[in-house]
Amino acid sequence: MEQLNTTNALSIDGEGNKGVLETIQYIVVRLGDEQYGIDIRYIDNIVRMQRMTRVPKVPDYLKGVINLRGEVLPVISLRLKMGLEADEYTRTTRIIILKLEQEGNVGIIVDEVKEVVTLSEDQIEKLTYDSKDGKVNYINAVGKHDGELISLLDLNSITLEENAQ
Amino acid sequence: MDVSQYLEIFLDETKEHLQSLNTQILELEADPENMDTINEIFRAAHSLKGMAGTMGYKRMQNLTHDMENVFSEVRNGNIKVQPEMIDVLFRCLDALDEYTNNIQESADEGTNDNEPLIKQLNDILNGTSKAEAKAEAPKEQAAAQSSEESEEKWHDIALEDSQIRVIIEAGKQKKNVYGINVVVQDTCLLKAARAFLVFKAVEEKGEIIVSNPSAQDVEDEKFDKDFTLIVISDATLDEVIKAAENVSEIAKVTGAPLVLEKTKNYHPIEEREEADSKQETGVNPAPSTEDKSGKAAKTEKKQTPSKPVVNRTVRVDIEKLDVLMNLVSELIIAKNSLVSATDQEQSGGNGINEHIEYLESVTTSLHESVMKVRMVPIESVVNKFPRMIRDLSKKLDKKMELYMTGEETELDRTVVDEIGDPLMHLLRNSADHGLESAEVRAQRGKPAVGSIFLDAYQDGNNVVIEVRDDGNGIDTEAVKNKAIERGVITPEQAASMAEKDIINLLFLPSFSTAKQVTDVSGRGVGLDVVRSKIESLSGEVEVKSKLGEGSTWTIRLPLTLAIIQTLMVVVGGEKYAISLGSIQTIEDVALSEVKLVQNKEVIHLRGTVIPLIRLSELLDVESTRSKEDNLIVVIVKKGDKLAGLVVDDMIGQQEIVIKSLGKYIKQCKFISGATILGDGEVALILDANALL
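Chains A and B, in that order, are what the protein sequence lines are.
Counting in our numbering, the first sequence runs from -3 upward without gaps.
Counting in our numbering, the second sequence runs from 2 upward without gaps.
These are computed hints drawn from the structure, not numbers from a lab.
Treat the hints with caution; some may be incorrect.
[Stated by the list, open to error] In silico lysine-lysine, DSSO-like type, Cα no more than 30 Å apart, as pairs:
1. Lys223/B x Lys53/A
2. Lys53/A x Lys596/B
3. Lys53/A x Lys638/B
4. Lys545/B x Lys501/B
5. Lys501/B x Lys601/B
6. Lys173/B x Lys192/B
7. Lys321/B x Lys628/B
8. Lys399/B x Lys53/A
9. Lys660/B x Lys95/A
10. Lys16/B x Lys81/B
11. Lys642/B x Lys601/B
12. Lys53/A x Lys59/B
13. Lys664/B x Lys53/A
14. Lys53/A x Lys81/B
15. Lys501/B x Lys16/B
16. Lys545/B x Lys53/A
17. Lys226/B x Lys120/B
18. Lys243/B x Lys192/B
19. Lys95/A x Lys576/B
20. Lys192/B x Lys16/B
21. Lys16/B x Lys396/B
22. Lys395/B x Lys120/B
23. Lys95/A x Lys670/B
24. Lys483/B x Lys395/B
25. Lys638/B x Lys601/B
26. Lys223/B x Lys95/A
27. Lys400/B x Lys16/B
28. Lys596/B x Lys545/B
29. Lys660/B x Lys53/A
30. Lys534/B x Lys53/A
31. Lys53/A x Lys243/B
32. Lys545/B x Lys628/B
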C-alpha cells in the first residue's frame, strides 16, 4: 500500500505539479450496491462482457479466458473473489482489463462502470489493516467524492494472492 | 559516442566471429599450413578487435590485439603453428566468450584482464623474430633507448621561438616536457588512423605542442613509419608512453624528458630556464589540459552505457522478407476485391466465394512464410561441438572424432536456442561413458579413434537429431544393479523388466552409472535434464543401444512450437484441441467392449489393453452424449504408453496458432495453452503427454 502511494506521488511530481496536492484518477465501478475505485493507471482497456472459455481445474473466481484482439487473457470475477454472490451478467456488465507488471494483462468483471473521478490526497483515507474479514484485504483506502464513499481497490492483493492458493 | 544502440549488432557479430574463429582454429590444428584458414582467422581476429575497440571494450580489444599479432606472424611465416599455441588460442577464445557474456548481461566487459593469456601470447611472439620481440616488449626498450642520444629524434626538431617559450613556461610551472617517438608497425595498413589514435591517447595525458612531421602531415599519412612528439604533461613519462603503446599496431614508443639545450636550433630566449628541471607532483594543470581530461572523462563515461535490454533477434534472409511483402500486397488486393464484391453482391452480382478462396490461399501462404522467417539452421548451435569434442578428447585422453551432417536443418528459433544444452549433454555422455579407452577398443578390434556422429534431418513435421557413437553401448546389467542399489527398483522388479525399460531408468533424476565422477559427466544431473528440456520443447528422446557396439540417442522435435496440427474435439459442449502428433488412432468403441480392471475402465484393442480417460470427468463437465451410445475414443500415445480419451464429438483436423494462457493460470497441468478459433472463440489445448 505504501509503495503504491509513493509511486503516485513520484509520477505526478515528475509531471511538474509540485506543491499542489497530489491527485489520482479512479474509475468508479459498481458491484452490487457498493462503489469501488480502480486506479486508472492500471487500466488498459474496458470491454463489454463477451463469450468466455472456461478453464478446468482452477479456482471458481477465475471465470475463464477471453480473446482480446488476438491475445488470450484470464478473467477474474471480482464478486466471487471478494466473497459476494455470483455475477449476473447484464447489459451493463463490463470486463476491465488491468495491466499488471508481473502477471501481464488480467480482466476483472464488474457490474457497471460509472465514471472517472479525480481524488486529491485529502479526499483519500487510508485503511489500516485491522479486520479479519477477508474483504478488507482487497481495499486499501476509502475515497470521498460528492458525499459518497468509494472503496479503493488494492489491485496487488486482488491479483497477487491468486498464486498463493 | 553513444554506442549502446549498436550493442545488439556487436553481440551478434562477435558471436559469429568467435564461432568462426573456433571452427577455423580447429581446422588450423588439423592443417597448420593452410594459408586460407590463417587468412580467415586473421580477418576474424582483426574485425573482432576493431569492433571491441569501437564499442570501448578495452580489455577485449587488448586481448584480440595480441591474438591478432600472433596470427599476423603466423601469416607472415615467422611462427609455425604448434599444439601449445592452439591451446593458448582456444583459451583466448574462451576468455573472449566470457567478455561477450558479461557484455550481454551487463553491457560491461567485466574486470578480468586475462594477463596470463596475454603474456602467453607475447611469449609465443617473443619466441620468434627479434624484431617482433622488440615490438612486444617495449617497456625495457624505452628505458634503454632513452639513454642513447642518437635515438632521441625529438632533439632534431627545429623549435620555433613561441614553442620554446611554451616549453620554458611549462618548466616554470613544474610540468614535465617529454620527447616521444612513435614507430608504427611495418604491417600497419592505416598508419594515419593509428597515428591519430596515438595523438588522442597522448592528448589525454597532456598537451602535444610539437609534432614532427606536422599533425596535418601525419593525418594525411605523409610519414614513413615513425613520428615524433613533444608533450607537456603532468603525468609520468611511463604513463604517456603507455598511453601511446595501447594503440594497436604500434611497434615501438620511446621517450625521454626533453632537454631544451640539445634541440637543433636552440637559442636562449629571455631568461634561460632549465626546461628539464622537473617535478613529478604538485602542479596546477594548465586549463587546456584540464579541458581535455574533462572531455576524456566524459567520453569514458559514455562508453559504459547504462544497462540495455538486449533483445533476441533473428536474422532474416531478404528473400524471405520479399515473399512476405508480396503476400501482404496480395492480401490487400484480396481485401479490396472483397469490398468491391460485396458492392456487386448488393447489386445482384456474384463471385464473393471466389474472392474468399483467393483470400484463403493468400493467408495460408502468408502464414507459411512467417513461420519460415522464424526458422534458423541448427548450425549456430552445433558449430561449437567440434571444439568441445576436441577439448574432451584431450581431457579424457581418448581419441575421438565428431562427424556432423545436416547442420543446415532449420528449426524454430526458440527451439534452436534451447537445444544446445541437451545436445551437449548427450555428446559428453557419448564421449565419456560411450567410447571405450584405447586398450579396450583395441581388444574389441575397433579403430583406435572413436567416432561420434551428430545427424540432423527433417522427418515430416518433425526434426530428428541423432547422437550416435561406436562405443560400448549401455550396459543394462550395470544400470539394473545401480538402480537396485539406489533403491529405484526392487530386485524382483528388475528381473521382470524389459531391456528398454531398464535403459529408460537412465532418464530418472540423479541416476549416473559412471563408476567415478568426472568433471565431464557423471554428476547424475545429465539425462533427466536432457529429457525434461526436450519434453518442454514438445519433443521426445529415445535411446537404442547394443552392448559393445554403441548407442544411438534420437531426439525428435516439432518443426515449430507456434503452430501445430490438431484434432478439435468437443467435450460437454466445450471445444478442445489435441495435438495430432500425440494421436495414434480414433476408435468407435461399443459400450460392451469397455472392461473394468482394478475398477478402472479399459478397452482391449488389437491385442493391447488401453486405459480409458473420460475427458468429461477430468474436465468437470457434463457429457452431452447419451449413456447408451458408442464411445468416441481418441487413442493418444507417449512413448510406449497409450491411453484412450473419451470425447463427445469430433470437429475435425485444424491447424492452430498456440497462445499462452499467461502467467496467471498455472494450476492447470493438462492444458498446455490456448488458441483462437476462426470465429474468435478461445479453445484450450489438451496436453496428452500430461494425461498419461
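Numbers of the earlier hints that this structure fails to satisfy, in rising order: 1, 6, 7, 8, 12, 14, 15, 16, 26, 28, 31, 32
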